[in-house]
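Throw the hints in and build the complete structure from the sequences for me.
Residue strings, one per chain:
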Amino acid sequence: MNYFKNFFIYLIIVLLIPLKSFSLIEVDITRGNLNPLPLAVSPLSIDDKSKKSFEKLLKEKNIGEEISSIVENNLKTSGLFNPLSKDAFLQEPDIANLKPRFEDWNLIKAQALITGKVSNVDDKLRVEFRLWDVLAGKEMMALAFTTVPTNWRRVGHIISDKVYERLTGEKGYFDTRIIYVAEEGPKTKRIKKLAIMDQDGANNKFLTLGNELVLTPRFNPTSQMVTYLSYFRNLPRVYLLDIETGMQEVVGDFPGMTFAPRFSPDGKKIIMSFAKDGNSDIYTMDLENRIVEKITNHPSIDTSPSYSPDGKYICFNSDRSGYQQIYVMNSDGSRVKRISFGKGIYGTPVWSPRGDLIAFTKLHKGKFYIGVMRTDGSGERLLTENFYQEAPSWSPNGRVLIFYRETKTDQKGEGFSAKLWSIDLTGYNERMVKTPTDGSDPSWSSLLSN
Amino acid sequence: MKLSKILKNGLLVVLACFALSACATKKVSTSQMQSDVYTGTDTVEYLASGVPDRVFFATNESVLTTASRETLRKQAAWLRKNSDITIVLEGHADERGTREYNLALGERRANAAKDYLMTYGISSDRISVLSYGKERPVDSGSNPLAWSKNRRSVTVKAN
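These protein sequence lines map, in sequence, to chains A and B.
Using the numbering used here, the first residue of the first sequence is number 1, and each one after it goes up by one.
Using the numbering used here, the first residue of the second sequence is number 451, and each one after it goes up by one.
FYI, nobody ran anything at the bench for these hints, they're computed from the structure.
Not close to chain A: a few residues of chain B, all C-beta gaps over 10 Å, as computed:
| # | residue |
| --- | --- |
| 1 | Gln482 |
| 2 | Ser485 |
| 3 | Thr491 |
| 4 | Asp492 |
| 5 | Ser499 |
| 6 | Val501 |
| 7 | Thr516 |
| 8 | Ala517 |
| 9 | Arg519 |
| 10 | Lys524 |
| 11 | Ala527 |
| 12 | Lys531 |
| 13 | Asp575 |
| 14 | Arg576 |
| 15 | Asn609 |
If you only want the chain B side, here are some residues facing chain A, beta carbon under 10 Å, derived:
| # | residue |
| --- | --- |
| 16 | Tyr551 |
| 17 | Leu553 |
| 18 | Glu557 |
| 19 | Ser581 |
| 20 | Tyr582 |
| 21 | Glu585 |
| 22 | Arg586 |
| 23 | Pro587 |
| 24 | Asp589 |
| 25 | Ser590 |
| 26 | Asn593 |
| 27 | Ala596 |
The beta carbon of each residue, even a glycine, is placed where N, CA and C say it ideally should be.
Quick look at the structure:
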C-alpha cells in the first residue's frame, strides 16, 4: 500500500507569471469536435545532470520527454486536440521554452505550443511549463511544480488539466484514477478483482486477490475511499475500502444482500439497495453515526440509486411500472416521479457532476445503448449502441462517460470479453480504455488535485 | 409441356423439403423452450432420484411455471423426508440486463422458490437465499436458449 502514500505527498504549484486573460484560441467542447485543435507539445528540456539523476532514480531515460508524452497522449485522447508529430519541430526544446520562434511553429500549423523545463532541485522534481498562443505570438500560461520525483506522471496529468482548462474554459479530468473490476477466466466462472489505475491506464494495481466475487466499486467524491459489493463468505454485502490503508469493513448490519452502493456527494453517506424476501428497497447509512434510513418502500425492485451533486435528489431504477424505468425523488424518498418514457427499458441512472443530465443504460429491441437525458426526462440522447454495454460513470467535469461493453460469444459459447470504453457527451470520440485484463464496472474518481 | 410438369413437380418437392427442414429446425429450439422458459434437462442436476435441482423463469419474470411448481413439490417432499438437510436457493438472471437490477431479480426468483417450498411445509430456517444476478451463467452462449437456461433458481444442499 506504499504506492498510495506517494499520491498524497504534497505538491507545490507556483504561478510563474500572471495569466494574460485574452487569447485567440478557444476550443468548443459542447459540440462533437471533428477538427481537433492542432498543437505542438515540445519535449520538456532537461539539463544533463538532472537527466542522469532522474534516470537513476526513476528508471526513465529522459523524464522531460516522458512527461511531455503523457501530456500529448492525454490531449490527444480527449479528442479536442491534435498533437503534431515531433519530427516536424524545428526548434530545440530548451530554446523554445525561452522564446519560441512563432513563425516556425506557425509553419507546421500549430495553433498552440507547450514548452517546459525539468530540473533536479535538492532531489525534488521541478517542472515548469508554458502554454503559447502561436497565432497571437503570446504566452497564455506559465506554471512551475515542485514535487517528489515519483510523482512525475501526475505532473504530466496536471499540466494536461491546466492546458485543457485554459483552452476550453472547463476543468480537466486527467489527474484522476479509475477503479474497476478486473476480470479473467471462462464466462461461467469469472474471477473478479478490484483494480485501480490512472485515468490513462498507467499504474494498474489489483486491490483484491480474486478469492471472492467483487462488483460495482465506486469512489467517494471527497476522499480515497471506495464502496463496493463483495461476496466474502458467500454473503453479498456492501463494503467500504480505504485505498490508502487497505482497511475494509462491512457497511451496516443487514440481514440479507446489500448491493448497488454509491456515496452521497459530500461523501458522508452510502446509498444502496437492501434485498429481503424478494423485495429490494433503497437505504442510506450515515458513515459517522451509522444511522440507517429506509428511503423507498415499495414491493417492486428499487435499485441503482445515485444522488444529484447538490444532494437534494436521488435518481434510481425501479420496475414498479412493470419494467425497469428511471425515477427521481427527493433525498428523503418523497415525491417519486418517473422520468423515462421512451421505448425500451432503462437502467443504471447516474447523475452528472454538473447536475444537468442523467446518464443511463437502455435496452431496446435487443440492443443496449448508453445515453443521457435531462433530469426531468426530456431531451433523451443515445450516444452509443452495442450488443451489450452498461454502467456509465462520469468524468469529474461531466464531459466524458466511461462504461463497459461485453461481446457476443460464438456458436460454441466462446470468445467472451468485457472491456472498458469511453465516449464524449457529444457522442464522438469513442475509445477503448486499455486494461491488462478484461474489465467492467468502471468508476471515475474526482480530480486528485484542484 | 412435359418438361414444365417435371419442373413443377420438382419445385413442389423442393418446397416440401424446405417446409420440412424449417419444421425440423424449429422443433429443436421449441422443444427446449416454452414461451421463453427453458423446459429441457441439459443443465439439470438431481438432489435425489427424480428430484431436479432447479427451476426456470421467463425473461424479467419471477413467476413459477406449472413445471417449476411440480419440481418444487418434489423438492419439498424430499426435504420433508430428510429433515436434517438445509438448503441454499441460488437465484440467477441472464446476461441481457444491467448488473444491479439482475442481482435484485435473482433474489426475487430465489424467494419465489422459497415461498413455494414454505407453503409445502418447509421451514424458512432451513432455507437461505443467495442471488448471483448474472454472475454465474451455466451456459456461456449468447442466444435465447442459453439465456433461458441461465434464468434459474437452483436448490443447493448447504450441509
